[in-house]
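Undergrad: Sequence:
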Amino acid sequence: MDLFRREIHGWHSPRLNMYMPLVQYGHWGHPLLLLPTAQADHLEYERYGLIDAVRHHLEAGRVRIFSVDSINNHAWMNSWVSYPEKSARQAAFSAYIEEELVPHIRDCVKDESARIGVAGASFGAFHAANLFFRRPDLFDCLVGMSGFYDLSWLLHGYSDENVYFNNPMWFVANMTDHAQLETLRNHSQIHLVSGQGDWEVPGASQRFSTLLWSKGIPHNLDLWGRDIPHEWWSWHRMLDHYLGQRLGW
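Here the working numbering is used: the first residue of the sequence shown is 46, the next is one more, and so on.
Derived by calculation from the structure, the hints in this document are not laboratory data.
Since the model is a prediction, treat every value here as computed from it, not as a measurement.
Using N, Cα and C, we set each Cβ at its ideal position, and we do this for glycine too.
Treat each hint with caution, since some may be false.
What the hints assert, rightly or not - Per label pair, the in silico range of CB-to-CB distance: (1) S158 with G106: 13 to 23 Å; (2) E52 with H201: 32 to 42 Å; (3) A159 with V246: 29 to 39 Å.
Whenever a hint applies, use it, and build me the whole structure from the sequences.
TA: This is the structure we're talking about:
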């Protein structure tokens, strides 16, 4: 049996009105969804060596990884798209994950009620956190690596309902739903990880950490050293560390 199973497939998403490919790695273990950085695709984490860096966890059956395309090039990182369209695309992406991809992953792991881990680096950490805090009933663990959690720097003052409900720094601040808060406080793992070296912005993780504590949401703010830059090898080490020693899978 090949313990490093790799499969690529996808479907035309009715919510995004575009074909969305998906790659999965591994044969067994807790499902983990990876969100790519910036404008990248479902194979980015493989191309840049992260999948190889955690291969031993996949072969051990500790984790089963799923990775999807980003929609940033159709939204936040496309200067030709209007802000209302950007926010609508973001909302559609969240709906695609929550209403299409989660049921697919649950079917793959043969558990119709499975909660899924979610992780990402840089812009991927934002998307991972957005999904996690929107739907803690669907996601049980967050590993945000070198991330930011507030879209304000991309909005230039623009706001609408889609932006609000897809910007963790905003909607978490006003979260009052008892069931959501109880799940986040007692039945979830939250890890905000950042280096303090070149091109890192640890203050983004620290600001979000302050907000989480104000809401009574336990979490782990893990700031690595000044020798840890905003680079792929840093994220290799971070995800390997968390899969091996912190998540308990």
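Undergrad: Indicate, hint by hint, whether the structure satisfies it.
TA: For each hint, the structure was consulted:
In this structure the hint that S158 and G106 lie 13 to 23 Å apart at CB holds, the actual value being about 20 Å. In this structure the supplied range 32 to 42 Å holds for E52 paired with H201, their Cβ-Cβ distance being about 41 Å. As the Cβ distance of A159 to V246 is approximately 33 Å, the hint placing it in 29 to 39 Å holds.
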